[in-house]
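A.B. asks: Assemble the complex: chain A is given as a structure, and chain B must be docked to it using the hints.
There are 2 protein chains.
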Amino acid sequence: MKISIIGVGLIGGSIALKLKSKGIAEFIYGIDNRADHLKEALQLQIIDAHADLEYGIRNSDLIILAIPVDAAQKLLPKVLDLISANQTVMDTGSTKAGIVQAVKNHPNRSRFVAFHPMWGTENSGPKAAVSESFAGKAGVICNKKESSEDAMKKVEKIVESLDMHVIYMDAEAHDVHTAYISHISHITSYALANTVLEKEREEETIFQLASSGFSSTVRLAKSHPEMWVPIFKQNKENVLDVLNEHISQLRKFKSALEKENYEYLGELIYNANKIREILDK
Amino acid sequence: MKISIIGVGLIGGSIALKLKSKGIAEFIYGIDNRADHLKEALQLQIIDAHADLEYGIRNSDLIILAIPVDAAQKLLPKVLDLISANQTVMDTGSTKAGIVQAVKNHPNRSRFVAFHPMWGTENSGPKAAVSESFAGKAGVICNKKESSEDAMKKVEKIVESLDMHVIYMDAEAHDVHTAYISHISHITSYALANTVLEKEREEETIFQLASSGFSSTVRLAKSHPEMWVPIFKQNKENVLDVLNEHISQLRKFKSALEKENYEYLGELIYNANKIREILDK
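Residue numbers (the UniProt record's numbering), protein chains in the order written: chain A, 1 to 281; chain B, 1 to 281.
So that you can see chain A by itself, here it is in the shape it has in the complex (with noise of 0.2 Å):
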């Protein structure tokens, strides 16, 4: 099928490179603001040519939107303006309530199918895309029965192509799954470096002693301002949320420090450990 990508970028470059592969795709136009982007696209074999959003829409059988989530809630409803019933558009963004409800009463919602793949890195632009990257991750298409039958089957034969396995879930549901197990991990990450960067003001002592357990901890704090805050915007409530019981939880530990109750202190870390069991499944 011909496919136009709109946002060339870690995750659309990285679907291009996998739809290719499988032999999935035969032609993808790649559409996207930045033209340097497009040039590293265009060299890295990522897409076949670099189109205008009208044109690339009008000459493919799938849409993918993999653009920030803010950009994609204003684009959608024009690209659903300019498709036929023949046609399917797919996002791929962290956030799935705001989206389906931007849609929900444009005359061609059933052509769209909502869905995140549950993988990203820190960095970002089409040379940081790689081929492997969805294998054994779980792709998450939202709000099933507001999709066309023949658009669904098309996006599972889509993500099935990325070897990732399909879960389904309301849009709500999938926002408030992801405040806990995506978005507060950013959170952390971004202000465990701050207050490396705030305390620490031996930059050459940072490089020199981190260890990988801090490089762990601390990679997504990389991740850029203009894919994250969009996301912490629509989900705000839930990020809220989680936050709130983030900072309860610290408390604890900062608790049982300060009164040297070391068993309590145990106690915190082991019903921690507890998170091995489960993600060791």
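By construction, these hints were calculated from the structure, which means they are not laboratory data. Every residue, glycine too, gets a C-beta built ideally from N, C-alpha and C. Among these hints, one or two may not hold up.
To be verified - These stretches of chain B come out as covered by chain A in the derived footprint (C-beta under 8 Å, 3 or more residues):
{"no.": "1", "region": "189-196"}
{"no.": "2", "region": "239-250"}
{"no.": "3", "region": "263-269"}
Said to hold, decoys possible - Chain A residues, not near chain B, derived (Cβ > 12 Å throughout):
{"no.": "4", "residue": "Ser21"}
{"no.": "5", "residue": "Glu26"}
{"no.": "6", "residue": "Leu38"}
{"no.": "7", "residue": "Asp48"}
{"no.": "8", "residue": "Ala51"}
{"no.": "9", "residue": "Asp61"}
{"no.": "10", "residue": "Asn86"}
{"no.": "11", "residue": "Lys104"}
{"no.": "12", "residue": "Ser131"}
{"no.": "13", "residue": "Lys145"}
{"no.": "14", "residue": "Lys153"}
{"no.": "15", "residue": "Asp163"}
{"no.": "16", "residue": "Asn271"}
C.D. replies: For chain B alone, coordinates are given in the frame of chain A:
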């Protein structure tokens, strides 16, 4: 040389494997309270024999303590009681001020070298040991002047054999820096795990959705309390200082979200991104 390793777990085992592969250790005695660990370490050829404390020490050129920091602080004076002037003792603990204080006035103080390899994982026991663990990481030696020149040379040779680069540091300064670079990462990771376990009752959903980002941030939360409670206890003041700063950094994110001040939120993230320049130097 002949070496006794007290504590044949992750760190002791990894050191043993590397020193054997480099031909530095001609014979390694394993000393451990846990019979199962000794048995495993023998099977895995991490040690050549197990020994009781006195026998092992009497027959070794170098004694390496690789046990939790509270146990090491208690045991080190006894080990120093048992050695003669041509033997050397080193530890591997994550806190350094307490242990150097504990032997400050010991007649054999100069035979001891305070060491901390900046590597570890969330796993424990001899099965978790990996020969190439330390390569490229920092190996911190504290209070160099309190050790004899020949003991220092022996330990420097060991650290270089582990393919680590040596950094010299005052023990108090070490504990301040590791509070930032390592200890706070563990607390945030534990608190994050507890947040998710508290709020996300659907364990199956955590498991299914858990992305690489979440796994990365929460990885350290798998680390055992037996190792970490003593570290937090010994480094209480520094850890509390950093923890307070971290909570206040998180509150900035909370306030930005509550006030819907997305420009400020973007600034906080932009600032956190600077950690990339330092880590990717």
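A.B. asks: So, for every hint listed, does it hold in this structure?
C.D. replies: Okay, the hints, checked on the actual structure:
Interface restraint, the region 189-196 of chain B with chain A: holds (8 residues with C-beta to C-beta distance below 8 Å; minimum three). Given as covered by chain A, the region 239-250 of chain B passes the check, having 11 residues with a CB less than 8 Å from a CB of that chain where 3 are the minimum. Only residues whose beta carbon comes within less than 8 Å of a beta carbon in chain A count, and the region 263-269 of chain B has 4; three or more means the coverage holds. A cut-off of 12 Å between C-beta atoms confirms that A:Ser21 is not in contact with chain B; the least separation is 20 Å.
The Cβ of A:Glu26 lies farther than 12 Å from every Cβ of chain B, with a closest approach of about 30 Å, so its non-interface assignment holds. Here A:Leu38 stays apart from chain B, with its beta-carbon at least about 24 Å from theirs, past the 12 Å limit. Non-interface call for A:Asp48 relative to chain B: holds, since the shortest CB-CB distance, roughly 29 Å, exceeds 12 Å. Annotated as non-interface, A:Ala51 keeps its C-beta farther than 12 Å from every C-beta of chain B; the closest such distance is 31 Å.
Non-interface call for A:Asp61 relative to chain B: holds, since the shortest CB-CB distance, roughly 29 Å, exceeds 12 Å. With a closest Cβ-Cβ approach of about 32 Å to chain B, A:Asn86 is found to remain outside the 12 Å limit, as its non-interface label requires. Even its closest Cβ contact with chain B, about 23 Å, leaves A:Lys104 beyond 12 Å, as expected for a residue assigned away from the interface. Every CB of chain B lies more than 12 Å from the CB of A:Ser131, the least distance being 16 Å, so the non-interface label holds.
For A:Lys145, the shortest C-beta to C-beta distance to chain B comes to about 20 Å, beyond the 12 Å cut-off, and the non-interface label holds. Even its closest Cβ contact with chain B, about 22 Å, leaves A:Lys153 beyond 12 Å, as expected for a residue assigned away from the interface. Distance to chain B confirms A:Asp163 as a non-interface residue, since its nearest Cβ pair spans about 15 Å, more than 12 Å. With a least CB separation of 6 Å from chain B, A:Asn271 falls inside the 12 Å interface cut-off, contrary to its annotation.
Going through the hint list in order, the structure does not satisfy hint 16, though it satisfies all others.
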